[in-house]
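J.: Fit the two chains together into the complex; they arrive one by one in their own frames, and the hints show the way.
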Amino acid sequence: MVTAAIWPALDYSRVPYRLYHDTEIYTREQERIFRGPVWSFLGLDAEIPNTGDFRASYVGETPIIFNRDKSGAVKAFVNRCAHRGALVRRELSGNAEQHICIYHQWCYGLDGGLTAIPFRRGIRGQGGLDDGFDMRAHGLRPLRVGNIDGALFGTLAEDAEPLEEYLGAPILAQLRRLLNRPVRVLGYNRQRIRGNWKLYAENTRDNYHASLLHEFLVTFGLDRSTQIGGVKMDSRHRHNLTWAEAESDTDEFAHQAYAGARVRNDFLSLKEPSLVAFHPERDDKLNIAITSVFPSAVFVQISNSLAVRQIRPRGVDEVEVFQTMLGYADDPPEMTLHRLRQANLVGPAGLVSMEDGEAIEIAHRASKPDLDRTTVIELGGAGAISDRDYRVTDVPLRGFWSYYAELLGIEPDGAVR
Amino acid sequence: MRADRAAVYDLLAEYGALIDAARFDEWLGLFAQECGYQILPRENLDRGLPAALIFCDSRAMLEDRIRALREANKYNIHTDRHIVGLPRILGAKAGGVLVEAPFAIYQTDQEGETRLFATGLYRDQLEPVADSLKIRDKLILLDTFAVPSLLATPL
Numbered sequence: 001m002v003t004a005a006i007w008p009a010l011d012y013s014r015v016p017y018r019l020y021h022d023t024e025i026y027t028r029e030q031e032r033i034f035r036g037p038v039w040s041f042l043g044l045d046a047e048i049p050n051t052g053d054f055r056a057s058y059v060g061e062t063p064i065i066f067n068r069d070k071s072g073a074v075k076a077f078v079n080r081c082a083h084r085g086a087l088v089r090r091e092l093s094g095n096a097e098q099h100i101c102i103y104h105q106w107c108y109g110l111d112g113g114l115t116a117i118p119f120r121r122g123i124r125g126q127g128g129l130d131d132g133f134d135m136r137a138h139g140l141r142p143l144r145v146g147n148i149d150g151a152l153f154g155t156l157a158e159d160a161e162p163l164e165e166y167l168g169a170p171i172l173a174q175l176r177r178l179l180n181r182p183v184r185v186l187g188y189n190r191q192r193i194r195g196n197w198k199l200y201a202e203n204t205r206d207n208y209h210a211s212l213l214h215e216f217l218v219t220f221g222l223d224r225s226t227q228i229g230g231v232k233m234d235s236r237h238r239h240n241l242t243w244a245e246a247e248s249d250t251d252e253f254a255h256q257a258y259a260g261a262r263v264r265n266d267f268l269s270l271k272e273p274s275l276v277a278f279h280p281e282r283d284d285k286l287n288i289a290i291t292s293v294f295p296s297a298v299f300v301q302i303s304n305s306l307a308v309r310q311i312r313p314r315g316v317d318e319v320e321v322f323q324t325m326l327g328y329a330d331d332p333p334e335m336t337l338h339r340l341r342q343a344n345l346v347g348p349a350g351l352v353s354m355e356d357g358e359a360i361e362i363a364h365r366a367s368k369p370d371l372d373r374t375t376v377i378e379l380g381g382a383g384a385i386s387d388r389d390y391r392v393t394d395v396p397l398r399g400f401w402s403y404y405a406e407l408l409g410i411e412p413d414g415a416v417r
Numbered sequence: 001m002r003a004d005r006a007a008v009y010d011l012l013a014e015y016g017a018l019i020d021a022a023r024f025d026e027w028l029g030l031f032a033q034e035c036g037y038q039i040l041p042r043e044n045l046d047r048g049l050p051a052a053l054i055f056c057d058s059r060a061m062l063e064d065r066i067r068a069l070r071e072a073n074k075y076n077i078h079t080d081r082h083i084v085g086l087p088r089i090l091g092a093k094a095g096g097v098l099v100e101a102p103f104a105i106y107q108t109d110q111e112g113e114t115r116l117f118a119t120g121l122y123r124d125q126l127e128p129v130a131d132s133l134k135i136r137d138k139l140i141l142l143d144t145f146a147v148p149s150l151l152a153t154p155l
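Sequence lines, in order, name chains A and B.
Our numbering puts the first residue of the first sequence at 1, with every later residue one more than the last.
Our numbering puts the first residue of the second sequence at 1, with every later residue one more than the last.
Bound-form chain B, shown alone (with noise of 0.2 Å):
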């Protein structure tokens, strides 16, 4: 137990980190092969409604969305700045671990006026591949859900 929560904390912070460097191919790395990623708003999470604001229920979804803000999409020139709380295991199955963990994102745009962007709380199913973990399926529920300006880099 006590290894499995130093590779959930070092798995956390270079999540954070991969995304701040903006080094998404790193990133999706940190995904298992076959994985889910989605961001709800805990409006609809409150509800029970199902629409997110990005649903991948594929590795291939989630990499589209990479290609796309890379070859596509505009956004707000920014850096990001992830500040990841601490990790709640919440149980083991099958070799996989359920962890949640509180988040905060601060965005810096280039006059270096910072403001929190989101905050919220992510739910993963993490699974053991080779001698690391990976992340099978990430929850990101948004109490930020009234968006500011708009969401382009991963949260």
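Same shape as in the complex, but just chain A (with noise of 0.2 Å):
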């Protein structure tokens, strides 16, 4: 059983590989983190326009299904049917009046009602249920539905804090900054990685790695940690943003700087420069801007390509990212293709994220044998966790971590929040 006494450092700058490896930690994080009092990111608006369509996702393993009701409300529940557990809907989207369990025809209606049982008196009036079994209790189990300008998030838990407080006022602000038109989804991608899914949760929120593991950044000019950025989080320091601001620097002050670094600092220049240029679609600098929620949803803003992704754990050995890509819904033909082209720099395939992949798996698997060692994370500083005004930082990681450990039941006394 783990304790709050496998903590070595009470500001989380040590956490033991143990956290990443244990399957019955992996199976408390199930229990505690994602049925616990957190939001997860279930999917858009914009993917379920009509009364009907549904959509397949996932709330840490637990799959579940959200679609539009006949009053127009969007409804969550878990993809379980209330008779043998069986997934009730298959397909990953669609549309549909009612789902219905293959196993045994248990229908539900779009508010995830019971609505009908084959054979429920019987044939004959013999076999069939009893009398006094209640329809009203056995529905699909239900999650609390939160929309941010179009981003659906769930909970499965009733004390859940509001959504919007969940947040916090700078993850709620760059929310509503990405999402100020309506979206267009253009496509999905995935991803699985043989890593623990808490692994890829710190890279997002590690400014650090950036650009020295995606070297692309650097050589192709398209961010630089010489460029003004930093972190910010929620109070609570569960959730980040990071962020940049486009041509704040200069080729001399980044030559000078990646000196001392193995990184490429010649800057070359691509055949095909609209791949890392940047049209300004907002009032801000920010080309940069990526905002990790606790604890499986990033929304991605790089140059024009824009995104949210879903980290997926699948047992403590895998973690699959879910990536749907995304424009505006009235994005001009040249923006759409834009995206396209830029879509080229994320995803699995990702010119300056496909190193994340290989990143997360060599570190899962050289942690794995020596559980009681611990990696390191004194980048900007040990001790208080704040916000930043510089790249060259891993704070956020240590957010991560102490809300982490308090959902777990495993915060120390006196550790840093």
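Worth flagging that the hints you see were computed from the coordinates, not collected in a lab.
All values reported here derive from a predicted model rather than from experimental measurement.
All residues carry an ideal CB built from backbone N, CA and C; glycine is no exception.
Any given hint might turn out to be false.
In silico lysine to aspartate or glutamate, EDC-like type, Cα no more than 16 Å apart, as pairs [unchecked claim]: (1) 134/B - 43/B; (2) 70/A - 45/A; (3) 134/B - 100/B; (4) 271/A - 34/B; (5) 134/B - 34/B; (6) 70/A - 111/A; (7) 368/A - 22/A; (8) 271/A - 63/B; (9) 70/A - 91/A; (10) 93/B - 127/B; (11) 134/B - 4/B; (12) 271/A - 71/B; (13) 285/A - 331/A; (14) 74/B - 111/A; (15) 74/B - 358/A; (16) 93/B - 137/B; (17) 285/A - 249/A; (18) 271/A - 57/B.
Covered stretches of chain B, going by a simulated chain A footprint (3 or more residues, C-beta under 8 Å) [claimed, not checked]: (19) 7-14; (20) 103-111; (21) 126-139.
T.: Here you go:
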């Protein structure tokens, strides 16, 4: 049984490898985090525009469906028949008037309520269910649904705080910034990484790695740590915004800064420079805005490439990164084409993201045999967890672990928050 | 038609072999000067969604992709093995040929462990250039759209 004694440091600057590999911990995460008082990103309003439209998704490993009911409201429930625990809806998306489990054809309405059971009265008065069987008590388990400008979140916990409070002002502002116009889904991509889900959650909060691991950023001049930028968190430090401003450094300054790093700093140019061209779409200068929402959502703006990622744990040793590529409904055709080109930057084949798959796998592999040793998280200094207006930092990882410890019930006395 | 078929076979065989040997400059040489290359998850094709995993709508973009692979990207150390199935010749127009061929690509790591990395379908628009066939447009429909680990070397 893991306890608060597992932490060698009260500022979460040391994370024991055990937390990435222990199956008992993984089971507890599913219960206390994913089925606990967090809000998980489910999908988008834009994916289910019409009555009866549905999509399958996950909260942790729990399969869920969300759909639009006859009143136009979005409803979400666990995709599991009350009868024998089978998946009710097997398709990933579609349109239906009801959800019917194929096993014994129990039927559920778009509100998740149980509407019909075959042979409920038996045949010729024999068999079937007792008269006292309560249909209302056997619907699909509902989720509370929250909607931030078309981004749908769900929670299985009745005591979860309101979604907007959960997100906090700076994160809410980022979501509203990204979703300020109706979105259009351009497509999906998926990546199966042989590593623990938290390695990916950390990766998205790790500003330090970006221009070192993803050399394309620096080599081809898309993003450098010498640009003005930083990290901003909610008051509980569980979420994080990593941000940077376009063209806010000079080649000369960057050349000097990267001279000591083993990163090519002679800044090559592309034959097709539009791949990295940034067309500002807002009143700010942000060309990088990566918003990680605890535990498993990431809203991403890299230049004009827009996406939302869902981190889907698949056992202690594997994670799926499910990414929805976005544009805006009113994008002119040339902007859609630009976004489709910039989609080359992200995803499993992304020019500035493919390396994450490898980094997570080598971290997972090498840490597995030695569970009591730890990682080191001290970029930007140890101690207090707070926002930074510089980029060589991994402080938000400690915020992640702080809230993680609280939810898992392993927060040590006197720990930073 | 007979000669065309032999030329199509030769091109597809060469295509896989050059990637497997990591001879990417010669692989680029199989494409026409004006060309396109994209890898589309079947999930997106089925829903009429355009976003691809790799989307190069010019030769310049394809050359950039190979240059990035060499100069910037880091990925799992591995070798590829293309198994390209029998092509179907779907039609000929204006001297060009439309071809479909199924493929499977196995990846082997440094310690000799092999796994199926990807399977899917090539849909190639080929055109005659001088006395050979070149790829004008290659659409790779990816069945294995839950990409194992990452996708760096071209399919």
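J.: Look at each hint and say if it fits the structure.
T.: Verification of the supplied hints:
1. A hinted pair counts as satisfied when its Cα atoms are at most 16 Å apart, and residue 134/B with residue 43/B does not qualify at roughly 29 Å.
2. For the given pair, residue 70/A sits about 15 Å from residue 45/A by alpha-carbon distance, which is consistent with the 16 Å threshold.
3. Restraint check: the Cα-Cα separation between residue 134/B and residue 100/B comes to about 15 Å, which is no more than 16 Å; the hinted pair holds.
4. Distance hint between residue 271/A and residue 34/B is fulfilled; the C-alpha atoms sit about 14 Å from each other, no more than 16 Å.
5. A threshold of 16 Å between alpha carbons decides the hint, and for residue 134/B with residue 34/B the separation of about 10 Å falls inside it, so the pair holds.
6. Pair hint residue 70/A plus residue 111/A holds up; C-alpha atoms about 9 Å apart against a cutoff of 16 Å.
7. The hinted pair formed by residue 368/A and residue 22/A meets the criterion: a straight-line CA distance of about 9 Å does not exceed 16 Å.
8. Using a Cα cut-off of 16 Å, the hinted pair residue 271/A and residue 63/B holds, with the two alpha carbons roughly 8 Å apart.
9. Of the pairs offered as hints, the one joining residue 70/A and residue 91/A is violated, with about 20 Å between alpha carbons and a cut-off of 16 Å exceeded.
10. With a C-alpha separation of about 9 Å, the suggested pair residue 93/B and residue 127/B falls inside the 16 Å cut-off, and the hint holds.
11. A threshold of 16 Å between alpha carbons decides the hint, and for residue 134/B with residue 4/B the separation of about 12 Å falls inside it, so the pair holds.
12. Our distance criterion of 16 Å between C-alpha atoms is met by residue 271/A and residue 71/B, whose separation comes to about 14 Å.
13. With a C-alpha separation of about 20 Å, the suggested pair residue 285/A and residue 331/A falls outside the 16 Å cut-off, and the hint is violated.
14. Between residue 74/B and residue 111/A, the direct Cα distance comes to roughly 47 Å. Violation of the 16 Å bound is thereby established for this hinted pair.
15. For the hint linking residue 74/B to residue 358/A, the alpha-carbon distance of about 8 Å falls within 16 Å, and the restraint holds.
16. For the proposed pair residue 93/B and residue 137/B, the alpha carbon gap of about 14 Å is at most 16 Å, so the pair holds.
17. Restraint check for residue 285/A and residue 249/A: satisfied, since their Cα atoms lie roughly 13 Å apart, inside the 16 Å limit.
18. About 13 Å separates the Cα atoms of residue 271/A and residue 57/B, which keeps this hinted pair within 16 Å; it holds.
19. Coverage of a stretch by a chain is defined here by at least three residues with a beta carbon nearer than 8 Å to that chain's beta carbons; for the region 7-14 of chain B and chain A the count is 0, and the condition is violated.
20. As drawn, the region 103-111 of chain B meets chain A at 0 residues by the rule of a beta-carbon pair under 8 Å; below three, the given contact is violated.
21. Coverage of a stretch by a chain is defined here by at least three residues with a beta carbon nearer than 8 Å to that chain's beta carbons; for the region 126-139 of chain B and chain A the count is 0, and the condition is violated.
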